[in-house]
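K.L.:
If you read the protein sequences in the order shown, they are chains V and Y.
The first sequence begins at 1 in the working numbering and counts up one residue at a time.
The second sequence begins at 1 in the working numbering and counts up one residue at a time.
Please keep in mind that the hints were generated in silico from the structure rather than gathered at the bench.
Careful, some of the hints might be misleading.
[What the hints assert, rightly or not] Derived CB-CB ranges, DEER-like:
1) D93/V with D497/Y: 55 to 63 angstroms
2) G239/Y with F42/V: 20 to 28 angstroms
3) L46/V with N241/Y: 46 to 54 angstroms
4) S256/Y with N28/V: 46 to 54 angstroms
5) F42/V with V33/Y: 25 to 33 angstroms
6) K386/Y with V79/V: 26 to 34 angstroms
7) S228/Y with N28/V: 50 to 58 angstroms
[Said to hold, decoys possible] Only some residues are given here: those of chain Y computed to face chain V with a beta carbon under 8 angstroms:
8) F93
9) L109
10) L227
11) I235
12) G253
13) I300
14) P330
15) E532
These numbers were taken from a predicted model, which means no experiment stands behind them.
Every residue gets a Cβ at the ideal spot worked out from N, C-alpha and C, and that includes glycine.
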Amino acid sequence: MSESHQETDYQRVQRSAEFQDLRRRFRNFVFPMTALFLAWYFLYVLLANYAHDFMSTRVAGNITVGLLFGLGQFVSTFVITMTYARWANQKQDAVAENLREHIESGALIDGGADGSLQGGARRGDGGLA
Amino acid sequence: MTRYDATVLAAAADSGQVGDPVVNIAIFGAFVVVTLVIVFRASRNNKSAADYYAAGRSFTGPQNGTAIAGDYLSAASFLGICGAIAIYGYDGFLYSIGFLVAWLVALLLVAELLRNTGRFTMADVLSFRLRQRPVRMAAALSTLAVVFFYLLAQMAGAGGLVALLLGIDGTAGQALVIAVVGALMIMYVLVGGMKGTTWVQIIKAILLIAGAGLMTVWVLAKYGFDLSALLQGAIDMGGENGERLIGPGAQYGASSLTQLNFLSLALALVLGTAGLPHVLMRFYTVPSAKEARRSVVWAIWLIGIFYLFTLVLGYGAGALVGPETIMSSPGKANSAAPLLAYELGGVFLLGIISAVAFATILAVVAGLTITAAASFAHDIYASVIKRGEVAPDAEVRVARITVVVIGALAIVGGIFANGQNVAFLVALAFAVAASANLPTIIYSLFWKRFNTAGALWSMYGGLISCVVLIALSPVVSGKVDPVTGASLSMIRDTSVDFAILPLENPGIISIPLGFLLGIVGTLLSKEKPDPEKFAEMEVRSLTGAGAEKATVAH
Numbered sequence: 001m002s003e004s005h006q007e008t009d010y011q012r013v014q015r016s017a018e019f020q021d022l023r024r025r026f027r028n029f030v031f032p033m034t035a036l037f038l039a040w041y042f043l044y045v046l047l048a049n050y051a052h053d054f055m056s057t058r059v060a061g062n063i064t065v066g067l068l069f070g071l072g073q074f075v076s077t078f079v080i081t082m083t084y085a086r087w088a089n090q091k092q093d094a095v096a097e098n099l100r101e102h103i104e105s106g107a108l109i110d111g112g113a114d115g116s117l118q119g120g121a122r123r124g125d126g127g128l129a
Numbered sequence: 001m002t003r004y005d006a007t008v009l010a011a012a013a014d015s016g017q018v019g020d021p022v023v024n025i026a027i028f029g030a031f032v033v034v035t036l037v038i039v040f041r042a043s044r045n046n047k048s049a050a051d052y053y054a055a056g057r058s059f060t061g062p063q064n065g066t067a068i069a070g071d072y073l074s075a076a077s078f079l080g081i082c083g084a085i086a087i088y089g090y091d092g093f094l095y096s097i098g099f100l101v102a103w104l105v106a107l108l109l110v111a112e113l114l115r116n117t118g119r120f121t122m123a124d125v126l127s128f129r130l131r132q133r134p135v136r137m138a139a140a141l142s143t144l145a146v147v148f149f150y151l152l153a154q155m156a157g158a159g160g161l162v163a164l165l166l167g168i169d170g171t172a173g174q175a176l177v178i179a180v181v182g183a184l185m186i187m188y189v190l191v192g193g194m195k196g197t198t199w200v201q202i203i204k205a206i207l208l209i210a211g212a213g214l215m216t217v218w219v220l221a222k223y224g225f226d227l228s229a230l231l232q233g234a235i236d237m238g239g240e241n242g243e244r245l246i247g248p249g250a251q252y253g254a255s256s257l258t259q260l261n262f263l264s265l266a267l268a269l270v271l272g273t274a275g276l277p278h279v280l281m282r283f284y285t286v287p288s289a290k291e292a293r294r295s296v297v298w299a300i301w302l303i304g305i306f307y308l309f310t311l312v313l314g315y316g317a318g319a320l321v322g323p324e325t326i327m328s329s330p331g332k333a334n335s336a337a338p339l340l341a342y343e344l345g346g347v348f349l350l351g352i353i354s355a356v357a358f359a360t361i362l363a364v365v366a367g368l369t370i371t372a373a374a375s376f377a378h379d380i381y382a383s384v385i386k387r388g389e390v391a392p393d394a395e396v397r398v399a400r401i402t403v404v405v406i407g408a409l410a411i412v413g414g415i416f417a418n419g420q421n422v423a424f425l426v427a428l429a430f431a432v433a434a435s436a437n438l439p440t441i442i443y444s445l446f447w448k449r450f451n452t453a454g455a456l457w458s459m460y461g462g463l464i465s466c467v468v469l470i471a472l473s474p475v476v477s478g479k480v481d482p483v484t485g486a487s488l489s490m491i492r493d494t495s496v497d498f499a500i501l502p503l504e505n506p507g508i509i510s511i512p513l514g515f516l517l518g519i520v521g522t523l524l525s526k527e528k529p530d531p532e533k534f535a536e537m538e539v540r541s542l543t544g545a546g547a548e549k550a551t552v553a554h
């Protein structure tokens, strides 16, 4: 990037309260959720690996604790998936879309001095190649 | 449907195949004809690089989610997991849980951010705010390594499947079939690009999930839709080990070492998926991050439901066919699902399931090939060799040539690996993805201070440690069956033994190492992070500003 001005347009957006809010909400959701499902997964793996007797205990008929734990992993995965999708659709998308429109219409980015990556409007030739 | 009695089945199994090869080939041939027509139709407006690599970003979330399921549910998932559950019971179930939970990493941390910041390949994201050429080179090499390991496993699996389903026993005959599979795959990818590949994967996913669903209902109906009764059937057929099938430990519980192997595998499975380059590339085929999210939601439901089916099918094969019959058939554990199909619906259902298994290999191999071609043409050729000074036409031309080269390599590798014990290659691919790719993806998206040195240390460190650890492990040399004295390693000569590390999956060492090296490399380097690029990446990743939209048909 050329050094024609001290702060780039993206840095200005990054500093804005609206973006900081979006980022904070995103991280506050996905990081604890990731920790949660990984902890739950490894609890299951460790039990299956080292607590054979407990996991082989029959609950009803031939249905064992281990089988219920395993099916529980499926249920938790489906629940987390739908919770995240609902949350992102309702809370994040509108804010992100609003910011995006402002950036691409130039309301937050004026001019684009170095011209390399500003152009959401310049379809198909974005600046990564 | 006619029910074939056990003696016919056993006789068929003894002669090296089950069912009617003509029916199997006819159904598979129908799949090939239908998909070829669709691929040709879909490819009519393949012009730009975005068309060829990313299908013009024109797929919807549900379409892409189905294609992801088609890309992800390989023959190993279907045949391997069914077989593992039929033979080892509960321990086989553990695979499917790792394969599924892993999708949450992709959903929460990777898919949308990656869609917003990249264009065609994983390296687009990794090199976004770092020095382009060295990072692209490393990312492309790691992509090619993952694809190569995965591809070889699929092609070798094709050989075994042929023996079982088409009754082709001779090495030359199997080599010919591997060559046909490879040539078909080259044609799909060459002509159809990402669009054609995606349609093949969508059709295959629907066939696979519908076929497995049909068999699941059938099996459950036989037991009055009582899961406990089905398990009892598996216990009864399991002989003296029957009781162990419903709890963990039958496969991995033997010693503290096998337990460590299992931990290592569990880690590689859950962290590997979000670093698999052929999975990541699928997120570029949709028009927006929101569609990328919908893709993953669809993929998680389809993959999860499919793995629930395999639980029933695995125990069903154990109960209705029996572990002994399965293990004495030519395909061993891999033939559990086809044998169950034969037991349930005779020649016709077996033909359908066989065709689906072939389609599975074909679709996964096509997805891997286009990923490798994009990585070579876009990252190595256009960015590293030509330093970005390349016409888009030339890049796509190089990609097409790469497809042919990779297809040829896959055919040769598949013929060479036919009959080899290559199941570990898929686990290795996941381990490389988790140790070489995932740390750099996560750091570059979330860690401001991260720099080029950190990326290179992490990627090369993760890749090299995985390959070295595997080479020095019992899967390559020195593992001997204590009962028969036969070699269980890749190198069949039992006198050759350079296995100095007992672990069969490197994940538990290489994954923490990959994450650690990323931190160490970053902190030791004097390179300053680029706050401007980081701001751009962060803003773009979360808002989608500047991300490429769907291309309009030219």
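K.L.:
If a hint holds in the structure, say so; if it doesn't, say that too.
P.N.:
Do the hints match the structure? See the list:
Between D93/V and D497/Y the beta carbons are some 57 angstroms apart, a value that agrees with the proposed interval 55 to 63 angstroms. Checked against the hint of 20 to 28 angstroms, the pair G239/Y and F42/V fails, with Cβ atoms roughly 33 angstroms apart. Under the hint 46 to 54 angstroms, the C-beta atoms of L46/V and N241/Y, about 24 angstroms apart, miss the expected range. Between S256/Y and N28/V the CB atoms are about 40 angstroms apart, so this pair departs from the stated range of 46 to 54 angstroms.
For the pair F42/V and V33/Y, the beta carbons lie near 47 angstroms from each other, so the given range of 25 to 33 angstroms is not met. One distance hint, 26 to 34 angstroms for the beta-carbon pair K386/Y and V79/V, is violated here, with the actual separation near 48 angstroms. Our hint of 50 to 58 angstroms for S228/Y and N28/V is violated, since their Cβ atoms are close to 43 angstroms apart. Below 8 angstroms, beta-carbon pairs count as interface contacts, and F93/Y has one with chain V at about 5 angstroms; its hint therefore holds.
Taken as an interface hint, L109/Y checks out: its beta carbon lies about 6 angstroms from the nearest beta carbon of chain V, inside 8 angstroms. This hint holds: L227/Y has a C-beta 7 angstroms from the nearest C-beta of chain V, less than the 8 angstroms allowed. At about 7 angstroms, the closest approach between the beta carbon of I235/Y and any beta carbon in chain V falls short of 8 angstroms, and the interface hint on this residue holds. Look at G253/Y: its Cβ gets to within about 6 angstroms of chain V, closer than 8 angstroms, so that hint holds up.
Evaluation of the I300/Y hint against chain V yields a held restraint, the C-beta minimum of about 5 angstroms falling below 8 angstroms. The restraint placing P330/Y at the interface with chain V is violated, with a minimum CB-CB distance near 31 angstroms, outside the 8 angstroms limit. At a threshold of 8 angstroms, the smallest CB-CB gap from E532/Y to chain V is about 5 angstroms, leaving the interface hint in force.
The structure fails to meet hints 2, 3, 4, 5, 6, 7 and 14 from the earlier list, while all remaining hints are met.
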